[in-house]
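Novice: What follows is each chain in one-letter form.
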Amino acid sequence: MKPRAFQIQPQDNVATLIDDAPAGSVEIIGAAGSEIVATEKIARGHKIALTDIAAGEAVLKFGVRIGHATQPIKRGAWVHLHNLASDLDERSGTLDLNSGAPTDTAYV
Amino acid sequence: MSENLSSRSSRGNEAHSEIGNSPSLLTSVATNSWTGFLRPDGRKGVRNLVLVIYTVECARHVAHAVAAGEENVHVIGFPGCYDNAYAIRLMLALARHPNVGAVLSVGLGCEYTQPEKITDTVRASGRPAEWFFIQQLGGTRSSVTKGKEIVSRLREQIRRETPRVPMTMADLTVGCECGGSDGTSGLAGNPAVGAFFDFLVDAGGRAIFEETVEMIGLRSHLISRAASSGAAEQLAAAYDKAERYCHSVRQWSVSPGNFAGGLTTVEEKSLGAFAKSGTRPIQGVIRVAEQPRGSGLWILDSVPDEHFMQFGYTNPNDTEGIMDLISAGSQIVLFVTGRGSVIGSPIAPLIKITGNSATFRAMLEDMDFDAGRVLAGELALAQAGHELAGLVTRVAAGEPSKPEQLGHREYFIMYKHQNTPALEDGCRA
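Read top to bottom, the protein sequences are chains A and B.
Going by the numbering used here, the residue at position 66 of the first sequence is 66; the numbering climbs one at a time, nothing skipped.
To convert, count from 1 in the second sequence and add 1000; that's the numbering used here.
Check each hint, because a few of them may be wrong.
Using C-beta positions, here's what the derived DEER-type ranges look like [what the hints assert, rightly or not]:
no.	chain 1	residue 1	chain 2	residue 2	range
1	B	HIS1221	A	ILE29	19 to 29 Å
2	A	LYS41	B	THR1121	50 to 60 Å
3	A	ALA43	B	GLY1080	39 to 49 Å
4	A	LYS41	B	ARG1250	50 to 60 Å
5	A	VAL37	B	GLY1407	26 to 36 Å
6	A	PRO72	B	ILE1223	54 to 64 Å
7	B	GLN1136	A	LEU97	53 to 63 Å
8	B	GLU1156	A	SER99	44 to 54 Å
9	B	ASP1202	A	PRO72	41 to 51 Å
10	A	ASP87	B	GLN1114	40 to 50 Å
11	A	ALA106	B	ARG1164	52 to 62 Å
12	A	GLN9	B	GLY1230	25 to 35 Å
13	B	ASP1041	A	LEU97	47 to 57 Å
14	A	SER99	B	GLY1080	31 to 41 Å
Computed list of chain B residues with no C-beta within reach of chain A, every gap over 10 Å [as the list claims (entries may be wrong)]:
no.	residue
15	THR1035
16	LEU1108
17	ASP1202
18	GLU1233
19	THR1420
Derived from the structure by calculation, the hints contain no laboratory data.
All of these numbers come straight from a predicted model, not from anything done at the bench.
Using N, Cα and C, we set each Cβ at its ideal position, and we do this for glycine too.
Start from the sequences, fold in the hints, and give me the full structure.
Specialist: This is the structure:
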């Protein structure tokens, strides 16, 4: 079965993976039924870009701004800590991409 | 625990297959009745418990030894030697909770928090209550023996004397906390609770969700849900306080596990968390130990008010938030966890819900409800809400939730400051 991603609102420019997805075709369910090609491996629970998103542009989920792109994001790419930052939480840019662990606290 | 099981709760174990979208079935859950315990203040409980409260860390071992192996005896306590108005209000709210019938307070004998004063307040609520200082009883063993004698007597008294009354959804206050959130929590777990909350509110019950630090980024959404202009002012003030707080401590309500699970920003997590509020108007803001001022949907603010001590984090772990919801009178608490959690709670049964079917399967012994079926297309969201109503009804009627079966009764009471008495609406900041 093709991996699926859930798009909450029609205006969202990201969808959430319900299954682990290798690079390749992903079925979009929810607000709009369609298909997209994941350009890289994306884990369940993580987000895929549904459109090209320019640096500084709003990332929309639930129809609401959840932060801004910190670099250009291509349609089909994984959207996470490396290319999306909170508008409020200044620590969100310091977290390890894979584990989410903070890197700004010294253990000395 | 099972003494109110024999009631006519119940679409019972078949609830999940029977409850669909049909209005008649919906009505049958809403009007479903079970037997509860009437307290002197008129509130109704779904459990009939003796609560043991220790008033300083030094008394913790004795309090737990008193409760060990005793059915329907739960423990809470406060570790600090110096007293704290917030912690005392919280403990008094828990001691007079609808699920609590009687209280034993255990002190060491030199702490600031006074077990005798707790006892006086509990007795004033019409509940039997006792207390002692360990130092006056001669040590650990004699205190444990005395404590066990007291709790068995109290338990027997409330078993015999507490009036049994019919209860429906309209008598319920249900709280919801989420923790260990992942990408499914906002898509399925919390929306399923939102669907149930809509149902509970329509049935005349009280739904409480927290908390304002988990609504960061949603100021205008939050305010647009206010039931009145007074509620809108309360929501704006509570939101602004939460955002100031997060800036000042440089900590937002999001954790490494959330990021690893696919959430990227606090705003994204907020939207997922807010989904548990459902769609009904928000009646207002209550603070820790305050009771909702009527039926409907309420938001709980547990963020510290400004104080020179700057007591720690608003919500240092999930258990702290669950205690806050119980202090507001929740007879049952729903806990949504995408990544999975093994905690439970004293006083009010905890029902664990996950939007992640893989987590549900992996942690089956701990998880009560699989909302991940919504994402798999097996279940409409409204149906998930109705199924959850059936589960809440069964637990209210006495069926132990998974954390209850496993004996989980984690609690956490911390030093904190919140202003009291309540200020006028809109003047809270």
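Novice: Taking the hints in turn, state whether each one holds.
Specialist: Checked hints:
With their beta carbons about 24 Å apart, HIS1221/B and ILE29/A fall inside the hinted range of 19 to 29 Å. Evaluation of the 50 to 60 Å hint for LYS41/A and THR1121/B yields a pass: the beta carbon distance comes to about 59 Å. For ALA43/A and GLY1080/B, the hinted distance range of 39 to 49 Å is satisfied, since their beta carbons lie about 42 Å from each other. About 33 Å separates the C-beta atoms of LYS41/A and ARG1250/B, a value inconsistent with the hinted range of 50 to 60 Å.
Remark: the range hint 26 to 36 Å for VAL37/A to GLY1407/B is contradicted by a beta-carbon distance near 50 Å. The supplied range of 54 to 64 Å is broken by PRO72/A and ILE1223/B, whose beta-carbon atoms lie about 34 Å from each other. A C-beta distance of roughly 59 Å is found between GLN1136/B and LEU97/A, which places it inside the suggested range of 53 to 63 Å. Between GLU1156/B and SER99/A the C-beta distance comes to about 53 Å, which sits within the given range of 44 to 54 Å.
Between ASP1202/B and PRO72/A the beta carbon distance is about 47 Å. The supplied range of 41 to 51 Å therefore holds. Distance hint for ASP87/A and GLN1114/B: a CB-CB separation of about 47 Å, consistent with the stated range 40 to 50 Å. A hinted range of 52 to 62 Å holds for the C-beta pair ALA106/A and ARG1164/B, which are about 59 Å apart. Here the CB-CB span from GLN9/A to GLY1230/B is close to 30 Å, well matched to the stated 25 to 35 Å.
Under the hint 47 to 57 Å, the C-beta atoms of ASP1041/B and LEU97/A, about 53 Å apart, fit the expected range. Separation of SER99/A from GLY1080/B is about 34 Å and conforms to the stated range, judged on CB atoms against 31 to 41 Å. Every CB of chain A is more than 10 Å from the CB of THR1035/B (nearest about 41 Å), matching its label as outside the interface. Against chain A, the non-interface label of LEU1108/B holds: every CB pair exceeds 10 Å, the least being about 36 Å.
At the 10 Å boundary, the C-beta of ASP1202/B stays outside the reach of chain A, the nearest C-beta of that chain being 24 Å off. The claim that GLU1233/B lies off the interface holds: its Cβ sits roughly 23 Å from the closest Cβ of chain A, which is beyond the 10 Å cut-off. No beta-carbon of chain A is positioned within 10 Å of the beta-carbon of THR1420/B; the least distance is around 29 Å.
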